[in-house]
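S.K.: Input sequences plus hints: build the corresponding full structure.
Number of protein chains: 2
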Amino acid sequence: MDQIGIGLAGLGTVGAGVFKHLQQNRVLIAERLGLELAVRRIAVRDVGKRREVQPSAKLLTNRWEDLVDDPDVHIVVELMGGIEPAYTCVMRALDQGKVVVTGNKALLAEHGAEIFEKGAEKNVPIFFEAAVAGGIPIIKSIREAFIGNHIRSIHAILNGTSNYILSRMTEQAMDFPLALKEAQEAGYAEADPTLDVNGWDAAHKAIILASLAYGFWVNTNQIYVEGIEYIAALDIQFAQKLGYRIKLVATIRANEEGLVEVRVHPTFVPKDHVLASVNGVFNALMVHGDIVGDTLFYGRGAGQDPTTSSVISDLAQAAIWFDSGGKAFGFTPHGLYGKCLPIERVVSGFYLRLSVIDKPGVLAQVASILGSHQIGISSVVQPEGHEGDAVPLVLMIHDAAFGRMQTALELIRQLDCVKATPVLLRVLS
Amino acid sequence: MDQIGIGLAGLGTVGAGVFKHLQQNRVLIAERLGLELAVRRIAVRDVGKRREVQPSAKLLTNRWEDLVDDPDVHIVVELMGGIEPAYTCVMRALDQGKVVVTGNKALLAEHGAEIFEKGAEKNVPIFFEAAVAGGIPIIKSIREAFIGNHIRSIHAILNGTSNYILSRMTEQAMDFPLALKEAQEAGYAEADPTLDVNGWDAAHKAIILASLAYGFWVNTNQIYVEGIEYIAALDIQFAQKLGYRIKLVATIRANEEGLVEVRVHPTFVPKDHVLASVNGVFNALMVHGDIVGDTLFYGRGAGQDPTTSSVISDLAQAAIWFDSGGKAFGFTPHGLYGKCLPIERVVSGFYLRLSVIDKPGVLAQVASILGSHQIGISSVVQPEGHEGDAVPLVLMIHDAAFGRMQTALELIRQLDCVKATPVLLRVLS
Chain D
3 MDQIGIGLAG LGTVGAGVFK HLQQNRVLIA ERLGLELAVR RIAVRDVGKR
53 REVQPSAKLL TNRWEDLVDD PDVHIVVELM GGIEPAYTCV MRALDQGKVV
103 VTGNKALLAE HGAEIFEKGA EKNVPIFFEA AVAGGIPIIK SIREAFIGNH
153 IRSIHAILNG TSNYILSRMT EQAMDFPLAL KEAQEAGYAE ADPTLDVNGW
203 DAAHKAIILA SLAYGFWVNT NQIYVEGIEY IAALDIQFAQ KLGYRIKLVA
253 TIRANEEGLV EVRVHPTFVP KDHVLASVNG VFNALMVHGD IVGDTLFYGR
303 GAGQDPTTSS VISDLAQAAI WFDSGGKAFG FTPHGLYGKC LPIERVVSGF
353 YLRLSVIDKP GVLAQVASIL GSHQIGISSV VQPEGHEGDA VPLVLMIHDA
403 AFGRMQTALE LIRQLDCVKA TPVLLRVLS
Chain H
3 MDQIGIGLAG LGTVGAGVFK HLQQNRVLIA ERLGLELAVR RIAVRDVGKR
53 REVQPSAKLL TNRWEDLVDD PDVHIVVELM GGIEPAYTCV MRALDQGKVV
103 VTGNKALLAE HGAEIFEKGA EKNVPIFFEA AVAGGIPIIK SIREAFIGNH
153 IRSIHAILNG TSNYILSRMT EQAMDFPLAL KEAQEAGYAE ADPTLDVNGW
203 DAAHKAIILA SLAYGFWVNT NQIYVEGIEY IAALDIQFAQ KLGYRIKLVA
253 TIRANEEGLV EVRVHPTFVP KDHVLASVNG VFNALMVHGD IVGDTLFYGR
303 GAGQDPTTSS VISDLAQAAI WFDSGGKAFG FTPHGLYGKC LPIERVVSGF
353 YLRLSVIDKP GVLAQVASIL GSHQIGISSV VQPEGHEGDA VPLVLMIHDA
403 AFGRMQTALE LIRQLDCVKA TPVLLRVLS
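Same order as they appear, the protein sequences are chains D and H. Read in order, the letters of the first sequence are residues 3 to 431 in my numbering. Read in order, the letters of the second sequence are residues 3 to 431 in my numbering.
No lab work stands behind these hints: they were computed from the structure. This structure is a prediction, so every number in the text was calculated from the model and none was measured. The reader is advised that the hints may include incorrect statements.
Since the list gives no way to pick one copy over another, a pair counts as held whenever it fits inside one copy or between any two copies.
What the hints assert, rightly or not - Here are the simulated DSBU-like cross-link-like pairs (lysine-lysine), alpha carbons at most 30 Å apart as the crow flies:
no.	residue 1	residue 2
1	K361	K341
2	K22	K341
3	K183	K341
4	K243	K421
5	K124	K361
6	K273	K243
7	K421	K22
M.R.: Listed below in structure tokens is the structure:
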């Protein structure tokens with residue numbers, strides 16, 4: 003049986019999982035694949051460190067160049083994370099004609115365009131199933147299974163940490179800081195949870211999904227990202243009363259002109275929508291294709307084992323590509339071109355929570371501003387509860403372009419009767 | 003751009019969908035694939051018939067041999083359905099070295115072993131994404147994405163018609179005959195719904211899934227199949243009261259000895275289990291792999307468009323294989339061997355509904371028989387309602403082997419106090 007040589011760059015959580023499971027399920031994988039996946043070199047920062055797995059010392063090196071330049075390494079698996087030296091390592095591996103497997107979402111979101119250009123130049127594929135949604139085969143599904151489909155939209159819960167926090171806030175009526183602390187204690191949030199809770203981890207994944215669906219790399223400054231840090235327990239309660247759950251949803255969608263929107267923000271999801279019941283650290287993606295219709299994928303979005311499963315799937319495909327003499331490339335979704343829809347033109351429904359003085363005429367003032375901007379109100383709720391001399395006023399707003407909504411909101415904010423910064427959240431269409 | 007020649011055998015609902023969408027999304031598919039998919043020949047029963055799509059007359063033939071023997075046809079798409087002439091057509095296509103794409107679940111369930119043996123002999127792959135769960139990429143996911151995993155279990159709702167009927171029976175408290183009639187009027191059940199409601203359509207799909215998960219073709223007489231025809235509105239109500247939904251679930255699973263069980267039967271699914279909320283004509287599959295953990299796939303399980311999406315995905319992969327000069331075969335899950343677990347040894351919880359005389363001592367008699375067979379009762383419910391002089395008695399039963407349960411049930415059936423045939427249903431573990 004032919005052997006395919008693998009170089010692992012990185013032996014952290016996922017790297018160790020890949021090493022371990024390639025050993026444990028070695029016979030199974032070889033039987034199914036008809037090829038043997040042999041780890042030939044592993045680059046680590048500290049060769050002497052004690053680890054969960056203990057590869058033989060001669061496999062280890064502290065220079066990633068050693069595996070990139072090794073002629074017996076056919077596939078380089080980049081699991082270092084971060085931008086550098088991951089970027090240089092990947093580019094040099096491609097330059098050497100090696101297939102690249104990576105789970106590095108930040109790297110692809112920032113430098114996907116250059117990396118895939120290099121791959122095309124060298125006629126070498128790049129596989130990245132582990133970069134989005136852990137063990138869920140969403141990259142393969144969009145790239146290969148839905149190859150005949152125009153992707154109309156993707157709505158996805160892509161960050162397990164923030165979903166866990168929102169789930170706990172919903173179940174326990176907790177405020178954000180407490181729920182975050184609890185998530186950290188439970189091991190579901192890292193000591194520095196910034197990228198998880200500010201939406202950018204999900205945004206990196208959304209950029210990768212958009213590149214598959216629409217064939218071009220959206221720049222990070224063309225997307226719209228809001229985190230969950232400012233969600234109050236109050237908003238979650240109002241959402242429940244109104245028949246919704248608040249989720250951090252990534253939306254990737256093209257309008258009729260072919261303009262693409264990529265956005266990540268807290269979203270009102272109707273409680274009988276399938277995404278509303280995705281709780282805890284799970285991920286889910288709802289993909290709508292013009293032929294296939296609606297499909298849903300659900301599973302663990304992070305963690306050593308699910309991510310390892312995806313890396314091994316990529317390794318199998320990379321090995322087949324290599325064994326076929328580089329013929330079976332297939333599926334070249336990148337390199338097309340496209341344009342983004344400015345967030346001001348993005349249309350959605352809204353939830354608007356104001357803190358207002360408890361006096362007659364307040365609603366009339368607010369409604370008049372919205373009306374003069376052609377923004378329709380679908381319902382008004384005046385929940386109980388006081389904050390000092392102010393009371394909450396909740397408006398559910400019909401589909402409107404964000405630009406118009408922003409202009410109206412600026413005027414509402416300036417009203418004397420409006421006390422605190424308004425909370426504006428989007429409703430899933 | 004290289005052209006790959008396609009022969010369509012069959013131009014019914016799915017065949018017409020494939021022809022239509024290959025035209026409509028031609029540019030997109032060619033851009034993504036780097037190859038052009040060209041339909042070169044179409045075999046139909048009646049060349050003169052008026053159809054939803056109207057291919058040019060020179061493409062049409064009423065002899066499937068014409069496309070199987072055509073040197074310009076590289077891929078044969080078998081969409082005729084049924085066993086013959088589909089079987090002869092597929093075997094001859096493989097003999098000619100042509101790649102085969104099929105959506106024919108009955109054919110694979112009956113003759114998968116011979117077909118894949120022929121494929122291996124000729125070194126030609128067979129693709130069959132459309133045979134299971136319509137547009138859901140479950141074949142690709144199990145074969146490729148989970149290639150590194152031992153599949154521990156698959157629990158799936160695989161028949162849209164029966165799921166629609168059970169959903170209506172649940173929502174409307176309807177009995178089976180009425181719900182079936184309504185489904186037929188709504189176009190969700192065919193005039194002859196036998197294979198849908200007796201479980202065999204789902205069973206064919208379960209056999210295909212088992213072949214991927216465990217590497218061998220389970221014989222149709224080694225699996226256990228029950229349909230939904232004998233489910234009463236009463237059982238659905240009791241299930242709801244007890245916190246369950248009744249679904250037609252296919253279970254594919256290996257025990258610790260590596261013995262495989264494949265079974266399809268009405269199943270009590272806890273109402274907060276994700277399969278419980280799969281309603282109407284949708285399909286869903288929960289796959290548990292030793293590395294990836296639990297994953298869920300959900301979408302339309304039948305219909306022209308979803309099935310077409312899967313055929314086009316297979317065509318793309320077949321075209322890549324062909325273009326690579328037959329090198330990139332990959333993923334050879336079949337040809338391993340394995341054994342089935344006899345249904346008598348299959349362990350599950352049970353719901354047992356008896357129709358008994360309303361007298362003291364009845365429960366004691368039943369419980370004594372169960373106890374003497376080491377079968378534990380987890381709860382007893384005596385719902386209201388009379389049928390003549392009999393009343394319902396419902397027992398929820400702890401995990402027990404079906405063989406022991408059968409023996410006990412035979413004794414219970416013979417009790418004087420038991421009036422009608424007992425209803426025994428399984429509970430999802």
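S.K.: Please sort K243 with K421 into within, between, both or neither, judging by C-alpha distance up to 30 Å.
M.R.: within (23 Å within a copy, 49 Å between copies)
S.K.: 30 Å Cα cut-off: does K361 pair with K341 within a copy, between copies, both or neither?
M.R.: neither (47 Å within a copy, 76 Å between copies)
S.K.: At 30 Å max between alpha carbons, let me know whether K421 reaches K22 within a copy, between copies, both or neither.
M.R.: The answer is neither: 57 Å in one copy and 59 Å across copies each exceed 30 Å.
S.K.: Have a look at K22 and K341 and pick one of within, between, both or neither, based on CA distance no larger than 30 Å.
M.R.: This pair counts as between: shortest inter-copy Cα distance 28 Å, intra-copy 43 Å.
S.K.: Between K124 and K361, at a C-alpha cutoff of 30 Å, which is it: within one copy, between copies, both, or neither?
M.R.: neither (69 Å within a copy, 83 Å between copies)
S.K.: Given identical chains, is K183 near K341, meaning Cα to Cα at most 30 Å, within a copy, between copies, both, or neither?
M.R.: neither (40 Å within a copy, 50 Å between copies)
S.K.: Under a CA distance limit of 30 Å, which applies to K273 and K243: within one copy, between copies, both, or neither?
M.R.: The answer is both: 10 Å in one copy and 23 Å across copies each meet 30 Å.
Of the numbered hints stated above, those contradicted by the structure are hints 1, 3, 5 and 7, listed in ascending order.
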